[in-house]
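Enquirer: Spelled out from the first residue to the last, the chains are:
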Amino acid sequence: MTTKGGSTRRLLLHRYRRGDAEPHIEEHDVPADEGTTVLAALRWIQLHRDPSLGLRHSCFHASCGTCGVRVNGREHLACVTMLADHEGTIAVDPIANLPVSHDVVVDMQPFFARFPDQHPIVRASEPLPHADATDAADGIDEHERFEDCIECGLCLSACPIAATDATYLGPAALAYAQRLLEEPRGTDREAILDWADQVNAAWGCHAAFECTEACPSDVRPAQRIMALRRELRRRRRRQGREVPEPENGTARP
Amino acid sequence: MRGSRGGRERDPGVEEILRGRRGEGPISRKAPGPVAWFDVRSMTTGHLAFSIHRITGIGIVFYLYLHLAVLSMLLGGEDAWSGFLELATTPLFLGLDVILVFGLLVHGLNGTRLALVGSGFVADHQKALFWSGMAFGAILLLYAALHVFTAGD
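Chains as they are written, first to last, in the numbering used here: chain A, 1 to 253; chain B, 1 to 153.
Treat the hints loosely; a few may be bogus.
Label pairs and their calculated CB-CB ranges [stated by the list, open to error]:
| hint | chain 1 | residue 1 | chain 2 | residue 2 | range |
| --- | --- | --- | --- | --- | --- |
| 1 | B | A138 | A | D117 | 45 to 51 Å |
| 2 | B | V122 | A | D165 | 56 to 62 Å |
| 3 | A | C64 | B | F93 | 33 to 39 Å |
| 4 | B | G83 | A | Q239 | 56 to 62 Å |
| 5 | A | F60 | B | G57 | 31 to 37 Å |
| 6 | A | D117 | B | A135 | 42 to 48 Å |
| 7 | A | G186 | B | P32 | 43 to 49 Å |
| 8 | A | R49 | B | H125 | 46 to 52 Å |
None of these hints come from the bench; they were simulated from the model. Glycine included, C-beta positions come from ideal geometry on N, C-alpha and C.
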């Protein structure tokens, strides 16, 4: 089946509206060519087939992080994912491990609730016009900014631990905590380590590295969680040395 | 701090938010419960290692209990044990031994990889570490299989 300037692709679209007993799948044939993105296809459905389709997007160039979906099961930003990169029928689902608000839109509140309190969700832009290693703050080897994180939630969706533990803080929050340790800027370092030193935090990761694979901004959350663990082990060793030996010679409690 | 379980003072609503109870809609899932651990659609190297580690781990625990059950045959005397040994040296059982060695090698070598990756020193090389471990394991498995099937010839 072809249309002017291209062919037609079939999308299996996750639909859910508040009040529905269960989500359901809807089929849509959309016109497509080599440059058609998943987001363009969803917008076409919204404009030409069903204006009630729930869709969240903003920038169209992978910097706002609002259009994250699962395409054939894998996490992608819809705005930079081409239909042509996927064969056959294309399933579009909301990102996993978060409550669905409407169709492919999820409620991001549980995602942001995972971050440490110091997390500045809205902050002033910090351009680095002279970004080279010699300008880096003490202890920083290079300018590898966690601000690359666009808080899209794809890492949490991809994480197999978050799939079975709703209280696991997840890759984005833990990677952010490690970033704070690298460059505290007044943050209470010990409080961050306390926060991360929990079963459902740094120690909850089982190193599947799915978050790193899913991240569209190359934040490498899994590697940051491992670096966070290294910090935590160092602190435990340090604390172990700092604990004084009991005077009566009995074992420490 | 929010989101911690460590008995520290926290926003009482965070746990509720984390569990998604405040969301009106259902939690989006790749698959029900632990089935999501084995979601083959996103099987990257790290996830493959994650899934295989769980499968072999469950297999090894099963074998532990099976092993204890087999050892309990000793309580039945020499005849019971000799009868089992005859069965245990059939090609089918020897094949199961090789599968056991496979599980032990994969679990042990990947466990070593996890310990190294979890230390934070070689996290960037986790894929190479997995495949080199599996290659080493394949050589050991081949040697073990030859030994299992040719021992006593």
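Enquirer: Next step is simple, just say for each hint if it's right about the structure.
Expert: Now the hints, each set against the structure:
1. A hinted range of 45 to 51 Å for the beta carbons of B:A138 and A:D117 is consistent with their spacing of about 49 Å.
2. Checked against the given bound of 56 to 62 Å, the beta carbons of B:V122 and A:D165, roughly 26 Å apart, lie outside it.
3. Between A:C64 and B:F93 the beta carbons are some 60 Å apart, a value that contradicts the proposed interval 33 to 39 Å.
4. A hinted range of 56 to 62 Å for the beta carbons of B:G83 and A:Q239 is consistent with their spacing of about 58 Å.
5. For the hinted restraint 31 to 37 Å between A:F60 and B:G57, the CB-CB distance of approximately 44 Å leaves it violated.
6. For A:D117 paired with B:A135, a C-beta distance near 46 Å keeps the hint of 42 to 48 Å intact.
7. The hinted window of 43 to 49 Å between A:G186 and B:P32 holds, with their beta carbons roughly 44 Å apart.
8. The beta-carbon spacing between A:R49 and B:H125, approximately 48 Å, falls within the hinted interval of 46 to 52 Å.
Consistency with the previously given hints fails for numbers 2, 3 and 5, ordered from lowest to highest.
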